[in-house]
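Enquirer: In case you want the letters, here they are:
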Amino acid sequence: MINKLNELEKEALAKIAAAESINEINDIRIYYLGKKGEITNISKGMASLSSEEKPLFGQALNQAKVAIEEAINAAITNMEAQALAAKLAADSIDVTLPGKSFAYGSKHPITRVIDEIKEIFMSMGYEVVEGPQIETDYYNFEALNLPKEHPARDMQDSFYITPETLLRTHTSPVQARTMEQKKGAVPVKVICPGTVYRRDDDATHSPEFHQAEGLVIDENITMADLKGMLLTFARQMFGADREIRLRPSYFPFTEPSAEVDISCFVCGGKGCKLCKDTGWIEILGSGMVHPRVLEMSGYDPEKVRGFAFGIGIERIAMLKYGINDIRALFENDERFLKQF
Amino acid sequence: MLISYKWLKDYVDINLSPAELAEKMTMAGIIIEHIEYPAEGIENVYVGEILSVEPHPQADKLKVLQVNMGDKTLQIATGAPNVAVGQKVPVAVPGAKLPSGKEIQAADFRGVESCGMLCSADELNIDHSEEGKAGIMILPTDVEVGKNIIEVLGLDDAILDMELTPNRSDCMSAWNTAKEVAAVLGVKARDIDIAFTENSENINDYVKITVEDPDLCKRYTAKLVKNVKIGPSPLWMQEYLRCCGMRPINNIVDIANFVMLELGQPLHTFDYQTLAGKQIIVRRAKQGEKIITLDDQERTCHSENLLICDGERPVCIAGVMGGQNTEVTEATTDILIEAAHFDPVSVRKTSREVGVRSESSARFEKGVDLQRLPAAANRCAQLLAEYCGGEIVGGFYDSNPQEILPMKVLLRPERINQILGTDFSVNDILSTMERLDFPYVEVAGGYEVTVPFYRQDVTVEEDLAEEVARLLGYDKIPVTLPEGKTTEGKLTPWQKFVDDVLNTSVALGLREIKTYDFISPKEWDKLRLPADSSYRNVVKIQNPLNEDQSIMRTTLVPGVLNIAALNHSRSNSNIDLFECGVAFIPTGAQLPKEPMTFTGLVMGKTVAGWQEKAVEKDYFYLKGLVERFFAHWGIAQWRVAATDKYAFMHPGQCAEVFIADDFVGIMGQIHPLVAKNYQLPQAFLFELDLETIFQHLPESFEYHPFSKHPAMVRDLALIVGNGISASQVEAVIWANGGEYLRQVSLFDVYAGSQLAEGTRSLAYTLSFQAIDKTLVEQQVNDSVNKILCALDKELGVKLRY
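Chains A and B, in that order, are what the protein sequence lines are. Residue numbering for the first sequence follows our numbering, beginning at 1 and increasing consecutively. Residue numbering for the second sequence follows our numbering, beginning at 341 and increasing consecutively.
Treat the hints with care, since some could be wrong.
Said to hold, decoys possible - Each computed EDC-like pair below joins lysine to aspartate or glutamate, with the alpha-carbon atoms no more than 16 angstroms apart:
(1) 442/B with 383/B
(2) 830/B with 70/A
(3) 689/B with 149/A
(4) 933/B with 130/A
(5) 276/A with 373/B
(6) 816/B with 130/A
Unchecked claim - Here's a subset of chain B near chain A, in silico, CB distances under 8 angstroms, partners left out:
(7) 805
(8) 848
(9) 950
Hints listed in this document are in silico derivations from the structure and should not be mistaken for laboratory results. Where a beta carbon is used, it is the ideal one built from N, C-alpha and C, also for glycine.
Only chain A is shown next, with the shape it has when bound in the complex:
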């Protein structure tokens, strides 16, 4: 019987080795190991064996079953692996083909610059404050030390709605409104982005444009603090190796006043077309808040001081993105917009 068993085992292993599909293997399993399978059948003859032969045969039977079982499992695993490999090979695609199409959106460059400015100043503890775009003469001019008939009003040719209201010519009225609202409390630390308007229209001037006004008031503010703040801004906006330069200037609402230049980010200060060979690029106006402005808004200039600065958003956008004509910003051609 053991010989028969060995033969069956040999025969089964040969069939398994020759099998080509999982179905065939399953048939082999049933043929040999099923309830009516050959191995099952032969095991039924064990009862007729002597008590010495029984354990030997039992052992051999088990070995044969295990051997067949293992061979079947190995064959199945192998076939499944092959089938999977075949499927993977068949499913392979050109991964370089483009993906599904979705529409792309984009932010206007002016918004991008305003976002960046807000972020830079918020990280330095500034609140963002806004104000109306149609303003009273009082907030736009008078509260900023620009009484009626002041010659410096000519610097800002205005669009009037009535003799007492106009399209604001700068974001500085938000300064006056904020100070008035804070009722003499310090510190004040605000950045005020917004739309402003002046009667100018050419390649470098748009009748409508954007500014961000910054204002800080506290007990011991100095012009050196202004310089430090502006250097931080310039470096975050235009690169860590920027330097700044202050030049005396004039704004009715600040004294002393300064125009601020940054070292040219194209040539690094050596001189190029962008900086007109000066190494410097003018980016904003600033100064110490004029004592009359502080007084008018309820602050005592002997006790507190402040600085203010006004950043031209279009100017920054044009510099940052290399835009030559301000009108491109308001033309809104999609081929322009999609670059941002």
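Assemble the complex: chain A is given as a structure, and chain B must be docked to it using the hints.
Expert: Relative to chain A, chain B alone:
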């Protein structure tokens, strides 16, 4: 403001090149925009004397000249009309170069050899007017033959173009500019020596002057000079005038202009003999009073214009323009010089009304130096005597001779350092006052600084701080950061919301645009708005740049349509755009309302790829976008209702959007006629009022646990009459679906031959689910039956299958 470098050197020793000086001035606050060199491009042009003029043998229009150049005689052929024997003229000899780039060589002029060219003022870059082009420049007879023209005309100069800030109008004077240069360089400026002899007569015996309106004329001074001879002014003076952008006319006019440019005080010169009654009266005009000005125009005045009159009539519009009747002419012999202070605002208004802005009015508008009037009148008299042979009449008229006290400002060195954040020594600070020629004395708490009259801009200590800083150098200010209480940098919830709308729009594939807030009133007609449309109730600009930018938008729709049209015209037709900005709504209050408005437009086709076809965008594409916004905002109870009341929208494809009962905007297709007006294809837009939406944003929300039990799903295909909207059907389903109805979603809309006319099929999937148990069939069937009964009863909607 233009200034001659050579002129400045008359008052200050400058050891710097014009470019170096410009750099120093700019860094001290007087910006030099540009430097021009008058001699640039001129080479080998010399003074020649015309010895003979002969006709050209071959050409009628040409003449042949013999010209004495000092060391030689040149034969020159010319077509110039104004040549004559004895004239001295600029001659470009062979090898010469002119500013135009032209090079001169000996040449054959139709058989006659010509060795050089006579130059016009235009060709020498001196005078580009018609007069300068009309003929050869004729030089005064006393110039030396053979001398280089650059030297003769004083062209070896540099013109500095100063961009003056409004506070530094004092530099509209060469002498004041020289004082500034002296302060910047740390040297002393020389004073102008105004010394002359006058006769024993008295001006007051010649003319009676009365100032009737001292509020508009704070001070009026006058000086009389007799027996002047009219002629050209000296060449050096002509060069200075030209450098400053003024054309030389004759010695009288040039001297008056020269003194104005030198001292900053505009002067007027009257032909004394033409003054009726030998009187000057300074008064407001009578309403409708007329005067013919120097430019031959008749001007009508009103009662706020200040006039200078003689005994009978107006002779000058004060500070703006003189009258023809008393103008200096070739026949003039006696000159009455006026140096006055006129009210800046009055001059400004009058000059605008008259439409004349002159060098003179520009100075009066800024406010002239009250104290300098006598000096200016006297300086003019001195030069008239020196260059016009005049005899200065004794005495001086002054309407307001009282002493004027200068401004005094307290200077506390410690406070200057506090303002600047510097550590300048007291000596350093005081040294700047000395450089500026601001006298000071020590007083309790600091120094009292006396500010000269011409520096009207210095009135408070902070002004002195700027003077100190700019002269010691802004680069000496250190770099620090503010100390003090820390503050929190943050956005308000509203600011966060608006930022989020922008970010979400971009994430959903919309491109942001920026359009002007002012628009054309013509837009309303293009939008087909009726005359009484509320959109037409606008804020108007009184002084727009043009009609097309004359009203403030009440909606962003026209701006968005125009940008869509521009892009369509450039074949960028498949776009989704949005703008976020304020509209301006008149309220009757002083300032209008400025609601933040969010407007989007979609047109053309969806993006195509190799897997999917592009399809035409439609109302539902637009609505899908809007739905995403509301989902993102967490606002569930929003709804739309069909409307046909917007003239610019398609009456069958437009909806109003509401949250609860609040109207928050519109969406739909643009009316085909409006699309045509804007030359647009079919396009869809939404306009939403962000402020109202913001009020409905959920302040907070809570997590709802979801059911772990399976949902039971029923599909219902309903036959719905065309007059009944999907939202009505859905409302009935929800109202009758019972507590377990979780979701109602439309999966098919069908209209066609299989259905009765006037009906369509809406197919919904209804999903039922309980939080705590598995529903049984019967519960769901009951709910569905209840829904179907209600649909039938309330809307006549029946089950299709």
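Enquirer: Run every hint past the structure and note whether it holds.
Expert: Here is what the structure says about each hint:
1. 442/B with 383/B: 11 angstroms, holds
2. 830/B with 70/A: 69 angstroms, violated
3. 689/B with 149/A: The given pair, whose Cα atoms are some 10 angstroms apart, holds under the 16 angstroms limit.
4. 933/B with 130/A: Judged against 16 angstroms, a Cα distance of about 14 angstroms means the pair holds.
5. 276/A with 373/B: Distance ~12 angstroms between residue 276/A and residue 373/B Cα, so the pair holds.
6. 816/B with 130/A: Violated, at about 35 angstroms.
7. 805: OK, holds: residue 805/B within 8 angstroms of chain A, min 5 angstroms.
8. 848: 6 angstroms, holds
9. 950: 7 angstroms, holds
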